[in-house]
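K.L.:
The chain contents come next:
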Amino acid sequence: MLVLISLFTAIDYHVKKANMDGGILEPSLYSIKALAILDNDGNRLFAKYYDETFPTAKEQKAFEKNLFNKTHRANAEIVMFEGMTCVYRSNVDLFFYVVGSSQENELILASVLNAFYDSISQILRKNVEKRALLDNMDAIFLAADEICDGGILLEADPNAVVQKVAIRNEDIPLGEQTVAQLTKKLEVLQSAKEQIKWSLLK
Amino acid sequence: MKYSKSLLSTWEIHHRPRIAILQRAGGGNPFNNLEKSTVLQEARTFNDTPINPRKCGQILTKLLYVINQGEAIGSLEATEAFFAMTKLFQSKDPILRRLVYLGIKEMSKIAQDVIIVTSSLMKDMTGKEEQFRGPAIRALCSITDTSMLQSIERHMKQAIVDKVPAVSSAALVSSLHLSKNSQEVVKRWVNEAQEAVNSDNIMVQYHALGLLYHIRRSDKLAVTKLVSKFSKHTLKSPYAYCLLIRIATKLIEEENAGSGTPMFDFIESCLRHKSEMVIYEAAQAIVQLKNTTAKDLAPAVSVLQLFCSSPKPTLRFAAVRTLNKVAMKHPAAVTACNLDLENLITDVNRSIATLAITTLLKTGNESSVDRLMKQISSFMSEISDEFKIVVVQAIRALCAKFPRKHNVLMTFLASMLRDEGGFEYKKEIVDCIIATIEENPEAKEAGLAHLCEFIEDCEHTVLATKILHLLGREGPRTPTPSKYIRFIYNRVILENAAVRAAAVSAIAKFGAHCEELLNSCVVLLERCQMDTDDEVRDRSTFYVNVLKQQQKALSSAYILNGLQVSVVGLERALHQYTLEPSEAPFDMKSVPLATQPLVEQKVREAPGGLGETPSKVSADKAAATRQDLYQEQLAAIPELANLGNLFKSSAPVEITESETEYYVQCIKHMFRNYIVFQFDCTNTLDDQVLERVTVDMEAGEGFEVVKQVACASLPYNKPGSTYTLMRLPEEPTSVTGTFPCTLKFVVRDCDPTTGEPDDEGYEDEYVLEDVEVTVADHVQKVLKANFAASWEEVGPENELEDTYALATVNTLEDAIKNITQYLGLQPCERSDKVPEGKSSHTLYLSGIFRGGHDALVRAKLALDSSGVTMQLTVRSTDPSVSEILATAIA
Numbered sequence: 001m002l003v004l005i006s007l008f009t010a011i012d013y014h015v016k017k018a019n020m021d022g023g024i025l026e027p028s029l030y031s032i033k034a035l036a037i038l039d040n041d042g043n044r045l046f047a048k049y050y051d052e053t054f055p056t057a058k059e060q061k062a063f064e065k066n067l068f069n070k071t072h073r074a075n076a077e078i079v080m081f082e083g084m085t086c087v088y089r090s091n092v093d094l095f096f097y098v099v100g101s102s103q104e105n106e107l108i109l110a111s112v113l114n115a116f117y118d119s120i121s122q123i124l125r126k127n128v129e130k131r132a133l134l135d136n137m138d139a140i141f142l143a144a145d146e147i148c149d150g151g152i153l154l155e156a157d158p159n160a161v162v163q164k165v166a167i168r169n170e171d172i173p174l175g176e177q178t179v180a181q182l183t184k185k186l187e188v189l190q191s192a193k194e195q196i197k198w199s200l201l202k
Numbered sequence: 001m002k003y004s005k006s007l008l009s010t011w012e013i014h015h016r017p018r019i020a021i022l023q024r025a026g027g028g029n030p031f032n033n034l035e036k037s038t039v040l041q042e043a044r045t046f047n048d049t050p051i052n053p054r055k056c057g058q059i060l061t062k063l064l065y066v067i068n069q070g071e072a073i074g075s076l077e078a079t080e081a082f083f084a085m086t087k088l089f090q091s092k093d094p095i096l097r098r099l100v101y102l103g104i105k106e107m108s109k110i111a112q113d114v115i116i117v118t119s120s121l122m123k124d125m126t127g128k129e130e131q132f133r134g135p136a137i138r139a140l141c142s143i144t145d146t147s148m149l150q151s152i153e154r155h156m157k158q159a160i161v162d163k164v165p166a167v168s169s170a171a172l173v174s175s176l177h178l179s180k181n182s183q184e185v186v187k188r189w190v191n192e193a194q195e196a197v198n199s200d201n202i203m204v205q206y207h208a209l210g211l212l213y214h215i216r217r218s219d220k221l222a223v224t225k226l227v228s229k230f231s232k233h234t235l236k237s238p239y240a241y242c243l244l245i246r247i248a249t250k251l252i253e254e255e256n257a258g259s260g261t262p263m264f265d266f267i268e269s270c271l272r273h274k275s276e277m278v279i280y281e282a283a284q285a286i287v288q289l290k291n292t293t294a295k296d297l298a299p300a301v302s303v304l305q306l307f308c309s310s311p312k313p314t315l316r317f318a319a320v321r322t323l324n325k326v327a328m329k330h331p332a333a334v335t336a337c338n339l340d341l342e343n344l345i346t347d348v349n350r351s352i353a354t355l356a357i358t359t360l361l362k363t364g365n366e367s368s369v370d371r372l373m374k375q376i377s378s379f380m381s382e383i384s385d386e387f388k389i390v391v392v393q394a395i396r397a398l399c400a401k402f403p404r405k406h407n408v409l410m411t412f413l414a415s416m417l418r419d420e421g422g423f424e425y426k427k428e429i430v431d432c433i434i435a436t437i438e439e440n441p442e443a444k445e446a447g448l449a450h451l452c453e454f455i456e457d458c459e460h461t462v463l464a465t466k467i468l469h470l471l472g473r474e475g476p477r478t479p480t481p482s483k484y485i486r487f488i489y490n491r492v493i494l495e496n497a498a499v500r501a502a503a504v505s506a507i508a509k510f511g512a513h514c515e516e517l518l519n520s521c522v523v524l525l526e527r528c529q530m531d532t533d534d535e536v537r538d539r540s541t542f543y544v545n546v547l548k549q550q551q552k553a554l555s556s557a558y559i560l561n562g563l564q565v566s567v568v569g570l571e572r573a574l575h576q577y578t579l580e581p582s583e584a585p586f587d588m589k590s591v592p593l594a595t596q597p598l599v600e601q602k603v604r605e606a607p608g609g610l611g612e613t614p615s616k617v618s619a620d621k622a623a624a625t626r627q628d629l630y631q632e633q634l635a636a637i638p639e640l641a642n643l644g645n646l647f648k649s650s651a652p653v654e655i656t657e658s659e660t661e662y663y664v665q666c667i668k669h670m671f672r673n674y675i676v677f678q679f680d681c682t683n684t685l686d687d688q689v690l691e692r693v694t695v696d697m698e699a700g701e702g703f704e705v706v707k708q709v710a711c712a713s714l715p716y717n718k719p720g721s722t723y724t725l726m727r728l729p730e731e732p733t734s735v736t737g738t739f740p741c742t743l744k745f746v747v748r749d750c751d752p753t754t755g756e757p758d759d760e761g762y763e764d765e766y767v768l769e770d771v772e773v774t775v776a777d778h779v780q781k782v783l784k785a786n787f788a789a790s791w792e793e794v795g796p797e798n799e800l801e802d803t804y805a806l807a808t809v810n811t812l813e814d815a816i817k818n819i820t821q822y823l824g825l826q827p828c829e830r831s832d833k834v835p836e837g838k839s840s841h842t843l844y845l846s847g848i849f850r851g852g853h854d855a856l857v858r859a860k861l862a863l864d865s866s867g868v869t870m871q872l873t874v875r876s877t878d879p880s881v882s883e884i885l886a887t888a889i890a
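Sequence order for the protein chains is H and B. Following the UniProt record's numbering, the numbering of the first sequence begins with 1 at its first residue and continues without gaps. Following the UniProt record's numbering, the numbering of the second sequence begins with 1 at its first residue and continues without gaps.
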C-alpha cells in the first residue's frame, strides 16, 4: 500500500500527509501543533497554532468546538482526536489543551501541558478560573510565549516560566488596581483562612 | 494530596454562586464584544506623551486578544498599529515592553516596513536588562529576512553561547526558524551550536542539539559521529535524549541495520534511563524499527507492559498505543501483555480501552475470539461512534484472519447493526459484512440474510442502495435466489425513489440470471412501470423490454455487467461530442475505462489502528483520478496533444538505481496507435544543472520513434519530465518489445550553494536500463461482475484454446499470480483465490484490449507432480487480440 501511495504523492497532498504520519518521526524540535485554553462553553480564550494543520481561523474554531465536545465531560487527560494526540486538563471553568502529532511522544506533550497549566496556576495564584484568567490576560500571553516558540518547546519548567514572565501585581499602586483584583486578594485571604482552619481541624 | 483536594472543593462550594452572579451581570469577560476597529482606534493612544504604561498595556493586551480570536487585520491597519506600537519603546516598563515584542511578532507577517524596529530590538538584545534579551532576540528574528541576517549574524553567534540560558535558547530556537529561508547563513553557526550543547541548562542542551542536527542532517557521516559522541557523553536533558534516540532510529532505518549496532545498543540502554519520557521514546523507537527480531523487541515490550499499569492515563495511553503498533507486525510479541491489556478494557479513558481492545483482537488466537467478543459487547454501548468504528475495523481484520469464526463474528456484527448508531458507524459495519461475504463464500448466506434484515429498517438511503446492489449481484447465484426477492420488492413498496430504483435494478438481475424466476420478475417489474418517479419507471420499462427479448448476450451487456467506463471521462467525451456535431454516432469505445485495479487495492488492505481512515479515503480518490490527471497533463503538451484518448497508464518503473547521480522513472502511456514514454528524472548532483534532457530509445521490431519532447532544464533535486513518442507497429499482433534507453543532456556545472550555473556547458549521456513493453501494458483491467454472462455475450467466434505445462511454478497460487500479472487482466468472481487443499481450479480473467476490444480468458489449472498444467481459452471481439493473449504465456 505504501508503495502505491508514494506513486501519487505529487498528485495528492493529503496522501503525502498521511504517508508522513505513518513513517518514523523526523528528528525535529517542532513538536507542538497548538496550545489552547477554552471556557466551559467551548469558546476560545486563548489559542495559538504553530503549523498549517488548520490554516484558517474558521477551521481552528471548528476544531476547538469538536475537541471540546469530545473532552469536556470525560476528564480523561488524553485523547486521540482527528488523527492527532491531544492532552488536556480542566479546572472549574477552564480547559487547557496541548495538541501534537499522533506520532509524538505523549509524555513530551504531557510535560508541555504541565508547564502550561502550572505556570498559569502560579500566575493566577492557584485561582485557575475564567475570571482570574481574563484579568491577567497579558501574563497569559507572555507565559504561552515563553513555553512555546513557533512550535518548539522553549521552557518546560513552570517555575522558570513564571520567573521569566515576572509579573508583579504588587507594583501597581492601589488606586490603579481594579475591583476584580481586590476581590481576588480577598479570595486569596479567604482561602488562606480556610487553609489554616483545616490544618487546625486536622 | 487528598487534603488539598477537599480544600479545593470547599472553595468551589463557597465561590461558585458568586462567579455565577458576576457572569450574569456581564462581568464574565471584559474582552467580550471587543470590536477590532475600536481597539485599533484605541491603539492611537500609544502616540501620546508621556506614555501611561498601564493603560497602553491594557490596550495592547486587547489588541493581542482580538488577533488571538482570529480576527483578520488588514495590512494597512496593521502597519498603522505597528508604527504606533514602536513609540512604546520609550517606556521602560517591563511588562509593556514584553507585550510590544509579542505585538511585533504577531504583526511581523502582516504589517509593512517592520524592519523599522530592528535597531530598538538589537539594543534590547545586547542590553543590560536580562529579562528583555531572550524575547527581543525572538522578536528580532521574526522580522529578519536573509538579506538582513548578515548584519545581526555577529550578535546571534554571541547570543547562542551566552551564559544566560534564556538568551541562548532564544537564539538557538530562532536560528532554527531562520534556517527555513536562510539555510546557508545558519550553517556557519555550527561551532557555536556545538559549544551550546555542553550547556548545563537542559533546555539549551535540547535546542542546541536540535540545531546541530538540523545543520548537519544531510551529512550522514557527521550525524553518525554526532550520535556516537553524545550517546557516550551523558546528556542532562531528557528532551535531548529523546531527540538523540530519534536521530539514531533514523540512521538505523536509513542504513537498514538491525540490532547489534552501537546505535541500537544506545537506544536499548535508554530503556534503563531514569526519565519515563526517555524510556518510552526508546521503547517506541525499537518497536518502529523494521529489522527487529522477537528478542530485540522483548525488553521494549516489557517496559511498555509496566507502563500499562501506571496510574497516569497518559502513560497508559502511550503504552497501549505503541503495543497496538507492535501487534500489527509481531502479534506474538504482545501476547505476554494480554492480561494487562484485558484490564485496560474497562479503563475510564475510552481511548485507552479501545486501543486495548483492538490490540487484543490482533494478538488473540482463534480460541480466544469468543471470549473477546463477549467482553466487547459488554462495553459497546458505552463508547462513542468513533471508537465503535475502530472496533468494527478490528473485527474486519479478524474476519479475514479467522474465516472459520465467521459465525460468531457475523452474529456480533448483526447485533451491532441492530443497535443505535450514526451513519458512519453503520456504514463501517455494512462494509465489514460485505467484505467478509466477498472473502469467505461460507459466510455469504448468513451475511446476506443479516443485510436483508437490516434494509427492512434502514434510514440511510446510501446504505440501502449499496446493499440492494450487492443483493442483485450475489443473490441470483445462491442456491435459493427466490427468498431474496421478497426483501427487495418490499423496498419498492416502502422506500424513497433512490432506493426503489436500486431495488428495480436488483430484481432485473435476478430475472436475467435465473431463468425460472424470469416470469415472476417481469411481472414485478411491470408493476413498477406505474411508479410516481420517472427514474424508477424508466428503469423498469428498460429492464422489462430487455428481459422479454430472452437473449443472454443482451442481458449480460445491459443488465448484469453494466458500463465499465470512467464517469469523469464519459462526461468529458460527451461534452466534447456535443460541442462538435458530426454525422458519426458517439463511439463508446473512445471513453477511457474506469481504473478498476486501484480501487480494488483498498479492499485488500487490512485496517489498522486509529486515525488511518482519512489516508485510505484520499488514496482512493487519487486512484480514481490518476488516469484523468495524466490525460490532462499530456494534453497540455502541444506535441502530444492530438493522440486521442489515453487508454492506459502503467505504474512507474525505476530504470536507474534510486541512489545514482540521475534518478529516472518511466511511465508508459498507451494510446490507440501510439505509446508515450514519460521519463521522470531527478538530478541528485547539487553541482550540476542539466539542460535539454531527452531519452534516446532504440526502436525496432516495427516500433518507430516519432518525437521527443525535451525537458528544458533540470536543476538539483527538482524533478522534471521528458517524453518520447513511439508509433506502434502496423501488424496488429506484434505488441511487445524491449528498448535500450540512454539519457542525453547538456551539463552545466554550478556552484552548489547558490545554484548559479557556468556559462559553458558540455554534452553528456548516461545509460539507463531497458524499458520493456509487455502484453499487460495494452490491457486495461475491467471487472465483470458476472463472468459467465460475458463469456456467452462475446461468444465462441474468435475463441482460441491451448494447453501449457507450467514447469517453473509449484502451486496454484503462484500460477494464478503469474498469469494475472502477465496478461494484465482482472480476476473475476474471486477466482484468484484457491480454496484450501484443492488440486484443480479455474481462473476467470477479463479486461479490455487497446482499441476497446473485450478480452476474456478462462484458465483451467491442474496441479500434478511435475508442476501446473493449464488449459487456456481466450475469447475476444477481435481475432488478433485472441491470438496475442493466447500466445502471451508461451
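Read the hints as simulated data drawn from the structure, not as lab findings. A quick note: this is a predicted structure, and the numbers were derived from the prediction, not measured. Idealized CB from N, CA, C, for every residue including glycine. It is possible that some hints are incorrect.
[Claimed, not checked] With the Cβ distance kept under 10 Å, some of the chain B side facing chain H (calculated, not the full set):
| no. | residue |
| --- | --- |
| 1 | Leu99 |
| 2 | Gly127 |
| 3 | Ser142 |
| 4 | Ile143 |
| 5 | Thr146 |
| 6 | His177 |
| 7 | Asn181 |
| 8 | Val185 |
| 9 | Gly210 |
| 10 | Tyr213 |
| 11 | Leu271 |
| 12 | Ser275 |
| 13 | Thr803 |
| 14 | Leu806 |
[What the hints assert, rightly or not] Derived lysine-lysine pairs resembling BS3-like cross-links, with alpha carbons at most 30 Å apart:
| no. | chain 1 | residue 1 | chain 2 | residue 2 |
| --- | --- | --- | --- | --- |
| 15 | H | Lys58 | B | Lys552 |
| 16 | B | Lys744 | B | Lys329 |
| 17 | H | Lys48 | B | Lys401 |
K.L.:
Does the interface hint hold: is serine 142(B) within less than 10 Å of chain H, judged Cβ to Cβ?
P.N.:
holds, 9 Å
K.L.:
So, isoleucine 143(B) near chain H? Judge it on the closest CB pair being under 10 Å.
P.N.:
violated, 14 Å
K.L.:
Lysine 58(H) and lysine 552(B) were given as a pair; does the straight-line alpha-carbon distance stay at or below 30 Å?
P.N.:
violated, 57 Å
K.L.:
Does the interface hint hold: is threonine 803(B) within less than 10 Å of chain H, judged Cβ to Cβ?
P.N.:
Result: violated, 35 Å to nearest chain H Cβ.
K.L.:
Quick one, is the threonine 146(B) hint okay against chain H at 10 Å, beta carbons?
P.N.:
Violated: closest Cβ of chain H sits about 17 Å from threonine 146(B), beyond 10 Å.
K.L.:
Report holds or violated for the interface hint on leucine 806(B), using the least CB-CB distance to chain H and a cut-off of 10 Å.
P.N.:
Check failed: Cβ of leucine 806(B) comes no nearer than 27 Å to chain H, outside 10 Å.
K.L.:
Please verify that hint: glycine 127(B), Cβ, nearest Cβ of chain H, below 10 Å or not.
P.N.:
violated, 16 Å
K.L.:
Lysine 48(H) and lysine 401(B): Cα distance at most 30 Å?
P.N.:
violated, 45 Å
K.L.:
Was the hint right that asparagine 181(B) lines chain H, CB cutoff 10 Å?
P.N.:
violated, 13 Å
K.L.:
Is the interface hint for valine 185(B) satisfied, with its Cβ closer than 10 Å to some Cβ of chain H?
P.N.:
violated, 18 Å
K.L.:
Mind checking the CB of histidine 177(B) against every CB in chain H and telling me if the closest is under 10 Å?
P.N.:
holds, 5 Å
K.L.:
Does tyrosine 213(B) pass the interface check with chain H, least Cβ-Cβ distance below 10 Å?
P.N.:
With a closest approach of 6 Å, the tyrosine 213(B) hint holds.
Violated hints for the displayed structure, listed by number in ascending order: 2, 4, 5, 7, 8, 11, 13, 14, 15, 16 and 17.
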